[in-house]
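> Chains as they are written, first to last, in this note's numbering: chain A, 1 to 863; chain B, 1 to 189; chain C, 1 to 344; chain D, 1 to 262.
Hints should not be assumed to be uniformly reliable.
Claimed, not checked - Cut-off 25 Å, straight-line C-alpha distance, at most; resulting in silico cross-link-like pairs (PhoX-like, lysine-lysine): (1) Lys100/A <-> Lys132/B; (2) Lys26/B <-> Lys447/A; (3) Lys104/B <-> Lys447/A; (4) Lys133/B <-> Lys450/A; (5) Lys427/A <-> Lys290/A; (6) Lys130/C <-> Lys65/B; (7) Lys574/A <-> Lys584/A; (8) Lys279/A <-> Lys141/A; (9) Lys31/B <-> Lys460/A; (10) Lys37/B <-> Lys30/C; (11) Lys232/D <-> Lys187/D; (12) Lys31/B <-> Lys130/C; (13) Lys290/A <-> Lys574/A; (14) Lys279/A <-> Lys290/A.
To be verified - In silico negatives: residues of chain D with every beta carbon more than 10 Å from chain A: (15) Ala3; (16) Val21; (17) Asp32; (18) Gly33; (19) Asp34; (20) Glu59; (21) Gly66; (22) Ala70; (23) Ser74; (24) Leu76; (25) Arg86; (26) Arg149; (27) Asp163; (28) Tyr195; (29) Val236.
By construction, these hints were calculated from the structure, which means they are not laboratory data.
Backbone N, C-alpha and C fix where the C-beta goes; we use that ideal spot for every residue, glycine too.
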Amino acid sequence: MAECHPVGFQWVMEAKRRGATIIHVDPRFTRTSAVADLHVPIRAGTDIAFLGAIVNYIISNDRWFREYVVNYTNAPAIINEKFQDTEDLDGLFSGWDAEKGQYDTSSWGYEGVEVSPAAGHREMFSGEPRSERGAMLSAEKLDPTLSDPRCVFQIVKRHYSRYTPEMVEETCGVPRELFLKVAEALCENSGRDRTSAFCYAVGWTQHTVGVQYIRTAAIIQLLLGNIGRPGGGIMALRGHSSIQGSTDIPTLYNMLPGYLPMPKATYDTDLNKYVEYNKSATGWWSEFPKYIVSLLKAWYGEAARPDNDWCYGYLPHITGDHSHMVTVAAMADRMVKGYFVMGENPAVGSMNAALQRKGLRGLDWLVVRDFAPTETAEFWRSAPEVVRGEVTPEQIGTEVFFFPCSAHTEKDGSFTNTQRLLQWHHKAIEPPGDCRSELHFVYHLGKRLKELYRHSDAAKDRPILDLAWNYREIGEMQEPDAEEVLAEINGYTLPERNPLSAYTEVKDDGSTACGCWIYCGCRKDGVNQTARRKPGSEQDWVALQWGWAWPANRRLLYNRASADPDGNPWSERKKYVWWDAAQKKWTGFDTPDFIATRPPDYRPPEGAEGIATLSGIDPFIMQAEGKGWLYDPSGLLDGPLPTHYEPQESVLKNPLYGQQCNPARLEWIRRDNPYHKAWGDPHYPFVATTYRLTEHHTAGGMSRWLPWLNELQPEMFIEVSPELAELRGLENGGWATVSTIRGEIEARVLVTERLRPLNIQDEVLHQVGIPYHWSWIGRSTGDAANELTAFVADPNVSIEESKAFSVNVVAGRRPPGPRAAAAAPLTEPSGFEDPPRDLEAVQGKPIGHHGLRTGKKELTEEG
Amino acid sequence: MKFDLNKLVWPALRQVSSGDVAGLGKASFSKRTASLKSRLSDADRVVPSVCPYCGVGCGQEVYVKDEKIMDIEGDYASPISRGCLCPKGSATMQLVTGTHRHQKVLYRRPYGTKWEEIPLQDAMDMVAVRVKKARDATWEDQTGKGHPLRRTLGIAHLGGATLDNEENYLIKKLFTSLGMVQIENQARI
Amino acid sequence: MNLPWSHDPTLGREMNPDFAVLTGEAAEQKVKHPEPKGTTTTPVPVWSTVPSLSVQPIPDYYRLPLLKQPVWIWSVPTYFYVGGLAGGGAVLAAVLHGKRSLRTLAFICRILAFVGTTIGPGLLTWDLGKKQRFYNMLRVFRPTSPMSIGSWALAGSGGLATLALLQGDREEGAAVRWALAGGGLMLAGYTGVLLGNTANPLWHGARRSLPVLFTASSMASTAGLLEFLPLNRCEEQVADRFGVIGKIAETASMEIMEREAGRNPVAAKAFEEGTSGLLWKSAKALVVAGTVLSLLPFKARWKRRLGGTLTTAGAICLRYALLEAGRQAARDPQAVIIEQRSRR
Amino acid sequence: MTATGFFTDTTVCIGCKACEVACKQWNQLPADGDFFSGRSYDNTIHLEATTWRHVAFVERSVPLSGRTTAHPFSWLFMSDVCKHCRRAGCLEACPTGAIIRTEFESVYVQPDVCNGCGYCVVACPFGVINRRQDDGRAWKCTLCYDRQRDGMEPACAKACPTDSILFGPVEELKRHAELRLAELHRKGVTEAYLYGMKEEDQPGTEGLHAFFLLLDRPEVYNLPPDPAVPTKSCAVSWGCMALAAAGMVAAGMVAVRRGGEK
């Protein structure tokens, strides 16, 4: 965290000053470790084993927060009797459908009930959609004593019973005493008076089990009562200024603004079906129809009428995974004609860079918008394969447009930061030359397209012609008014166009338009709330008058959990939001994340619907039953409980189960995306992990051109332990070549005790650290780490695994001369037998378009 | 008028007159030093902003003079960053005023070997025409089973985490309405 | 490769003056070389051992210099020599005054003082980073700074030397003569104080003997130069006696200085190793040879010439050796650390 | 005016180098070249005419008190800067009066006066100030003299995310530093000590206006263990010079009498 979010880290240092214990778990000793109280070096890719053992520690030592767990989590819920755990099936949960190659999740549900998850299912392309009418947990299906063997608590307990300190030592390479220190520190610092927080970044997400990493932390935090309370929580430290915003207002294939799902071709054939499949009968998602109707009103204005399903039919439908890697594989197979890349540099920052560039070569045209031509814009003339002579520019038919972009100082707009806070940045000066904002580009592109289609009467062109596309143009450059766009995102009444002030005002009768319901209120009273800048020193520590956080300017989600079931703060020290009996409403330092006037003793009457089903002790209002989930009865594709699976390319056999890898992971079986052996590949004996440095930013587009940053970290390097250096004859400051079957890179070497070999299962295991900022252009250049990585991903969110994979390292610079990583593997398979990644039942998953092998049935029958 | 010894031009004389015998202090001040002040006092305006790098969202202040940027530094008022910036945030001025910033649209023909500069408006027109052509050529109305698709897989988009919410909103709004579904950004990476 | 971004006059900063205001404190700091690789010289070798495992008996920071090396160029040691000549000349001129048989020598000495104090400032200016600001040397008088004192002494001596030259061997004007002699004494010795009054472990370690060495060497080098000139017997005798005393003193003070500096053995390595070691040893050999030669009890024209050559070369070599040794000592952090540790 | 300065607490430094960049940004200093040094994460190596803040990275195979690691190891960071000594070598050596003691008691090089004589370079016992060859002048940290004139905090201290660099009146900083040291000692970090804060600690400079809280010997961070302003021992040189001068006059007299008078 000190490495990548130094200013955010000031709060960690402040906590430390006040007595907090800082624990850093990382394969490397980083700048964070340097100031942490405890540094735990771990084998990359084994965090679930580590965290699972903490769950086991908490339960077996009876350190969990009983009152919190019983009341606020689904611990008492009884699970379907057909459910079988990985303990029973050697690493598989019940319901594996060998034919479809995916889980049938029906056996994972609550006894007699189905529940949809708050996040996940709805916007994710998951398996069969389900109707969730009547999905209320009835009292008979709960066991408040938590002793029923089929209740969640007991299932969790059994699931993690083999996750012991000894197993941690054997799997993660973490000495037992060190593990126990961490577990004890967490338990000691949780409860009524104290809270503990987890912070993570892509070191947790970029795995084939990334979602389950975070789920494990969620189980710990729920057991310890650390969610919805000040100083608690699980913080995703996001790496871009508006990466949270681009998820809320998603430039993502599977969502519409506000976490509404993209329509799925097979099911969501019309608005009724779409609402039926995605609305929840209970909990907050029962409001679903209001949000989609208001979104359609915002997009299609007058044309959106009740008689035409509010133009629902204008929306395109998805038929499977259309995520980045799927798209790039399709590009490489020449299935995509045009590609817009705005402020991103996939030729450096995305996995299997050679395949990324092969994809770019397969396009008809490419539009890149950035400060200066990036590697993605220059792939046709100076990419490694062009320099090596494997491809020449004369063979590449892609037409490339490079548009210079405006900087944030040259445009108005809002960023959403890592804590969901929207902050407005004001335009300071005019953009130079032909530099323009993306707002300008997209708006004027839209205007041109409307003009091009003006005379069309084809049904397919109606969405363009009916698109509400009138924004005030400012100045000579005709820059659209960003605040007007924000006004649409916030939403307004129709036809008066008065700004809405809260998402509770959003309607499903066409009388409101709202571009993103969770952002509703950001222009409350017509005032740009995101531009509020009342100094932090002039308000209390929650600082509600700085910027605006979604939803409803809430700074801490599910904060009703900061009070006990009776509505009183758990302790004076951890006071945050509580029930004011006199005023009969929730109050506190923050905007309460609860129905403001619902008393703690409210219990839903028989037959209640929608929000009325949430009782006074249901803090997790986005969940259908208002409880935090220790166990995930629905929504995830790879199991209801996090389970330790090895990375796709590991150095060890899974010590816990016969199933080596996540059975539901996404693989791309292509000649240009070969994999190493599941474990013990003699060609690639070391574990590698990629990361950022403080001095650079992601793929370097915003840092490798800046001399002040380049001089601080001028060259690509790798980090190895003295032991590995000795083994491979590497010298500090010298050169090394790192290779995978997909590519090889050269880098300077830092030999350092910050990396240590791990002793696991009587073997010495070496790890290699690889920063990924560099590539071949810019003012500081070097080989790109992503030449090494593979297309392989988590099934829930299609995020690749680049934080744990196997590599080889040798001394010296990489040999010149031709190499065709994108066309064929670098090394032919050895005689060494390929150990299976999957149990027999899981083998033989179907391979779909562009080589994608997945557990998602739909993907194989794509349109 | 009284003769002010401290106004003597030659510092060596001031040394004697001012009592700063060793000449280590005030006597040695130059005119520039005497009137030195921070350049920010000349700023025309201070524009509140937000750091464009990571997701922490540190407050920035942009000092402008004569429609040029003088300085970008942390905003003390921000309850997130309290005036601090990391090395990248501190280099923001170099990022936004850097000589690396290209100011013209570049175009590379199919099979071409060099960049050509083309006017912005022409480039926009060219892109619009290509979007229409690709869309029309790859339009899918429904699946084999008759389920609605109403989309194109012929055009894709990548990027958004470095952009403003408003920009992402227009991207999603326009591209979705064009029938594009392959809209992705850094959040997936 | 025709990169579409290019360099502009704001080298190293790379901010475009079209939309950046460049008025910061160091904005005018000039950079001749663009920032990218190839043009900057590597200041130190890449570190090749594991940082945490390369432990010194007394630790330092990756063997990086703790102090900055002197930045002076050739003209400074040359000035040290020329200033010494001027000083010797000025002193001799004063003592010789009024002796009829020594008129020519006195004249030569006045010339020496004049030329020395005229070329000297030029040489010093040549070393300045901003030559056009040479006059700032007299902007203030800093009693704490030997260089400031020296500058005033040099300027004063220059004026006096001119006056003395105009005055010739007239009786009156003793004040000018003796003032010039005083200035000459300053010029002969202040450079030693100047070097001693630094943080350089070698120079500072020899701060007592350095002024003596410079003064002695000033005498020797004045005499050495005089050995080349056609003088009458009487004058030769005076010059030679002056020279013999100077040369012996120079030899002795070199030895004393080496011992004084040798109390910091790490710094004193500069007298043994590398360029500075070579220079120092050469200087020593030349000076000793010059001294020995002038002590030999016979007279010959070649002896004077050779003596003059050896002494002059020795004096010049000595000054370069001192500068180079200072550089060498500043490069070694242990020279600073061990000395300061032993002091505590 | 009250004396202002820096207190750099290295125990909270995270080595992010924000101070280095903030300094370059404010003062608009050029980058001084890309050089991969192999010295941990330190690629700027030392304070220079173009680098007025520099972060040192020290890797040690010994643990730090109060920390738990799997192997004995610690990584120390220190943001180095001009010390603005109470007795400053550069200031006292400067012959032109370019270097001055400001009203904030800091040591400032006037770029409009400096003629690049190079004497300050050898006079600094910390190796801070240097002459930039292609510019010709000597440069170093100004303690943001221009910003201080407007009551603003120096750029590095402002940017520092963890308040490792504190700016303020020296007397206040001293009190703070002593409290912080006591706190650390109470927590068992016994190796912590203050470097250069008081005259007693560092008589050679009579104390620094930019002082440090360190965790290892000063030389580990490239700081001199017992620096002294050279001027302090200047008198003896002048004395020796006077003796030598007397000797020279005597030698002249002797030479003249024994020679010319014959």
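> Output the indices of the hints that this structure fails to meet, ascending.
Numbers 1, 2, 5, 6, 9, 11, 13, 16, 17, 18, 19, 20, 21, 22, 23, 24 and 27, in rising order.
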